[in-house]
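*Asks:* Quick note, the sequences are listed as chains A and B, same order. Each residue of the first sequence is one higher than the one before, starting from 1024 at the first, in this note's numbering. Each residue of the second sequence is one higher than the one before, starting from 1024 at the first, in this note's numbering.
Heads up, a few of these hints could be off.
Copies of the same chain are indistinguishable here, so a pair counts whether it falls within one copy or spans any two.
Claimed, not checked - List of simulated lysine to any residue pairs, SDA-like, C-alpha gap at most 25 Å:
1) LYS1050 <-> ALA1096
2) LYS1050 <-> THR1077
3) LYS1050 <-> ALA1128
4) LYS1050 <-> GLY1068
5) LYS1098 <-> GLY1131
6) LYS1050 <-> PRO1067
7) LYS1050 <-> GLY1131
8) LYS1098 <-> ARG1124
9) LYS1050 <-> ASP1079
10) LYS1050 <-> LEU1070
11) LYS1050 <-> ARG1124
12) LYS1050 <-> PRO1035
13) LYS1050 <-> ALA1030
14) LYS1050 <-> PRO1032
15) LYS1050 <-> GLU1126
16) LYS1098 <-> PRO1034
17) LYS1050 <-> SER1093
18) LYS1098 <-> PRO1032
19) LYS1098 <-> THR1046
20) LYS1050 <-> GLU1092
21) LYS1098 <-> PHE1028
22) LYS1050 <-> THR1031
23) LYS1098 <-> SER1130
24) LYS1098 <-> GLN1133
25) LYS1050 <-> PRO1034
26) LYS1050 <-> GLU1091
27) LYS1098 <-> TYR1052
Keep in mind the hints are simulated off the structure, nothing from the lab.
Number of protein chains: 2
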Amino acid sequence: MVERFAATPEPPYYAVIFTSSQTEYLKGYDAMAEAMVELAHAQPGCLGSESARTPDGIGITVSYFTDEESILAWKANANHLGAQRLGRERWYAHYEVRVARVERAYSGPQGR
Amino acid sequence: MVERFAATPEPPYYAVIFTSSQTEYLKGYDAMAEAMVELAHAQPGCLGSESARTPDGIGITVSYFTDEESILAWKANANHLGAQRLGRERWYAHYEVRVARVERAYSGPQGR
């Protein structure tokens, strides 16, 4: 069970924002996505991730890392490279990846 | 009609990552959310936004801005302040806000 909110430390740290729309050929997608979340969370420097997908719409996954080196290592992970290839060839109609440095953060509502 | 993908320029620019879970009291939420997206996109410095919500689950909205000053101006917008108050009091069980500087970006799959 993956937590819905990532327990990130005080900034600075890094966020990889992955926004995607899917094709209609989604065989194998859910199992692979679940496996990749587990594998990502086990990588050195990964601080967790948050994910949402509107049915028949857009999906956003934000993964948090301590530093850029950890992001590049995860991108080059052999199992992840295989998943990325399937994503490009089958599952994603379009995607945008943005790598960003988190500079400040807060949460709410206070008192809940 | 809001585009699903924000047409952002070459980095650097800024991202506000808003991750939230909802309460069960959602009266007025959809209309307000739609109004706030339209209003945000009309703000100086706003480059667009992307949003996804898993039914009964987590929602992620990422809004893109040219600079920190534009983010602070939008946060202080009078109509937005009213929406933020209702969000804190009624609609959001929990939220995390992270302000990040986008340093690099790419899209895919190539050729589609």
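*Asks:* Against this structure, judge whether each hint is valid.
*Replies:* Verification of the supplied hints:
no. : hint                : result
1   : LYS1050 <-> ALA1096 : neither (27 Å within a copy, 45 Å between copies)
2   : LYS1050 <-> THR1077 : both (18 Å within a copy, 20 Å between copies)
3   : LYS1050 <-> ALA1128 : neither (37 Å within a copy, 28 Å between copies)
4   : LYS1050 <-> GLY1068 : neither (31 Å within a copy, 40 Å between copies)
5   : LYS1098 <-> GLY1131 : between (32 Å within a copy, 15 Å between copies)
6   : LYS1050 <-> PRO1067 : neither (30 Å within a copy, 43 Å between copies)
7   : LYS1050 <-> GLY1131 : between (38 Å within a copy, 20 Å between copies)
8   : LYS1098 <-> ARG1124 : both (17 Å within a copy, 20 Å between copies)
9   : LYS1050 <-> ASP1079 : both (15 Å within a copy, 24 Å between copies)
10  : LYS1050 <-> LEU1070 : neither (29 Å within a copy, 34 Å between copies)
11  : LYS1050 <-> ARG1124 : neither (34 Å within a copy, 35 Å between copies)
12  : LYS1050 <-> PRO1035 : neither (38 Å within a copy, 36 Å between copies)
13  : LYS1050 <-> ALA1030 : neither (31 Å within a copy, 29 Å between copies)
14  : LYS1050 <-> PRO1032 : neither (36 Å within a copy, 34 Å between copies)
15  : LYS1050 <-> GLU1126 : neither (38 Å within a copy, 34 Å between copies)
16  : LYS1098 <-> PRO1034 : both (22 Å within a copy, 20 Å between copies)
17  : LYS1050 <-> SER1093 : neither (30 Å within a copy, 42 Å between copies)
18  : LYS1098 <-> PRO1032 : both (22 Å within a copy, 23 Å between copies)
19  : LYS1098 <-> THR1046 : within (22 Å within a copy, 36 Å between copies)
20  : LYS1050 <-> GLU1092 : neither (32 Å within a copy, 44 Å between copies)
21  : LYS1098 <-> PHE1028 : both (22 Å within a copy, 22 Å between copies)
22  : LYS1050 <-> THR1031 : neither (32 Å within a copy, 31 Å between copies)
23  : LYS1098 <-> SER1130 : between (29 Å within a copy, 14 Å between copies)
24  : LYS1098 <-> GLN1133 : between (36 Å within a copy, 17 Å between copies)
25  : LYS1050 <-> PRO1034 : neither (38 Å within a copy, 34 Å between copies)
26  : LYS1050 <-> GLU1091 : neither (32 Å within a copy, 42 Å between copies)
27  : LYS1098 <-> TYR1052 : within (18 Å within a copy, 37 Å between copies)
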